[in-house]
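Enquirer: The chain contents come next:
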Amino acid sequence: MSAPRWQVLLLDGGRWLLLVVVALVLNFPVLATLLTSLKTTADISASPPVWLFEPTLEHYRTVLTDPSLDFKRYLVNSTAIALGGTALALALSFPAAYAIVRCRIGGRSVLPLVTNLRAIPLIIFAIPFYLMYQLFGLLDTRTGLALIACIVNLPLALILFVGFLQDLPVELEEAARVDGAGTLSVLRYVVLPLAQPIFLAIAILSFIYAWNEFLFGLILTTKAAVPVTVGATFFITSWGVKWGATAAAMVLSVLPPLLLGLFAYRYLGRVISAGALKG
Amino acid sequence: MSVADAARGADRLRRRAPGLGLSRRGEGILLLAPLVLFLILLLGFPFLANLYYSLSKVTFATIRAPQWLGLQNYAAALADPAFWQAMGFSLRFALIAAGAEVLLGLLLALALEPLIARRRFLLAFLLLPMMISPALMGVMYRLNLNEFVGLIPQYLTFLGLYPNLLGPGWVMTTVVTIEILQWTPFAFLIMLTALQAIPGELLEAARIDGGSWWQRHRYVLLPLLVPALVVTAFIRFIDSFRVFDHIYVLTGGGPGTLTTSVSIHIYKSFFQQELLGQAGAASMILLVLSMGLLWLAMRFVLRGARG
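Protein sequences, first through last, are from chains A and B.
According to my numbering, the first sequence is numbered sequentially starting from 1.
According to my numbering, the second sequence is numbered sequentially starting from 1.
A portion of the hints provided could be inaccurate.
To be verified - Have a look at the derived ranges for each label pair, beta carbon to beta carbon:
#1 A:LEU52 <-> B:PHE300: 54 to 64 Å
#2 B:MET172 <-> A:ASN116: 27 to 37 Å
#3 A:PHE234 <-> B:HIS217: 27 to 37 Å
#4 A:PRO4 <-> B:LEU203: 38 to 48 Å
#5 B:PRO81 <-> A:LEU52: 31 to 41 Å
#6 B:GLU113 <-> A:ARG5: 27 to 37 Å
#7 A:ASN116 <-> B:TRP68: 24 to 34 Å
#8 B:GLY99 <-> A:ALA46: 31 to 41 Å
What the hints contain is simulated information worked out from the structure, not anything from laboratory work.
Computed from a predicted structure; not experimentally measured.
Glycine residues also receive a C-beta, built at the ideal position from the N, C-alpha and C atoms.
Working from the sequences, and respecting the hints, build out all of it.
Expert: Rendered as structure tokens:
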């Protein structure tokens, strides 16, 4: 009992139309900002808005070369913080997940503690971290923010590793053990190679989340370690807003996570839904 | 060597691994230790520090020498109408956003699933907003909502409309809409995953039995999607409840305190009003409330939803 051909085509056309409209609405802020960043200063404030204009890269040049703007440093800071935080989160959560699943330890204490972290308003930690960082001289350092990035990413990394290991048949490891391998060799030569796809997915997702973090960047940095999310707000609050330069800075700031998301959407879609449904 | 031998051998090794000369449990402790140590240092210590400060009289000037005060800060935080106003805002904001996101996500998943099943790459364009930092999203809206250069007011003017989208009348709608536009993709993704996990034979059987489109969706599909719906709504609720980034960047909690969420309220009382002890107390109260809510949710809603 199949519908007539014209009906199928109509329905399909409707779906395409809906998809295009929804994609445009959802991505409107980025698209509009991209357009603004490519307009000359005169075109930006033209009313009614101009659709056809000669694109210019002058705002990008300003943002990346003007010595009065610290934008390049923000980009470097964010990259360093996100990489460091991601590496630390992976290094801490992977062995812990193995201990929880295979050694049956911490599954009723550490695991729920860490997963519940995800549900707690982060502002609760903002004040104590400010006090602690002040005490230990970690204010306005990349190390300090990398530690935060690690905390932000630990819950999801642990949930996903635990889920992965629970689904992994234990027979492979036992075969290696019978051959005389110890736990560390089993981890290194049996589990790790099999875990490569999930490692990559978690690493990408952690990098994106760390890059996007704002609250702790705002509270814990002032100058040297400012990440792009915080640096971006300086463009607007400073006297005499340069809209074109601001737009160019926005585009450059959202580009790394957007590109990662675009290329890894299959992986990310899978881990995000797994993280939601398992956590 | 038989299978039974292998199993026995594996069993023996599991109890006493030759590598480190430790029991399996001992190895587990070693593997878990770095994470536990990290948690104690980075969460345990700040927690205690915050607890102490919330019970003290302290300013930025006397931050190294707080004076013991007892529960006064807690009383002050609980009696502060601004705290409850902010709680009310966060609650409303989170309920509206989570509800709308789940509804829109479900409808979109139902409408677009056949298309995406054939062309998976289309999914990428719908997931992009999730990859963007909410703070940067706020800055971009600030640009696009600006009355002189923003594309949104420019087009509205073109249509003869002059609403001040960041003014008192519209600001709540604006910040909620931004949240919904950014996170509907999350709900959509979970709904899509749940939808694709449902075996096609079920719907086929309902169709053969003569079920109409509405009956098939209402009585076959919807009950199967309820667990995913509940989990998604819960995740979005707790995430939206603690909202800070895009609102802070866009409105700073204003005009007045119209868009001050709990997170913004605590941030402002600490860093701008210098009510260090009271802000600490407010954050402890928030911690207790969210743990309580989480416990209730785990116990009743989520467990029930998973069957």
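Enquirer: Enumerate the violated hints, using their earlier numbering and listing them in ascending order.
Expert: Checked against the structure, the hints that fail are numbers 3, 4, 5 and 6, while the rest are satisfied.
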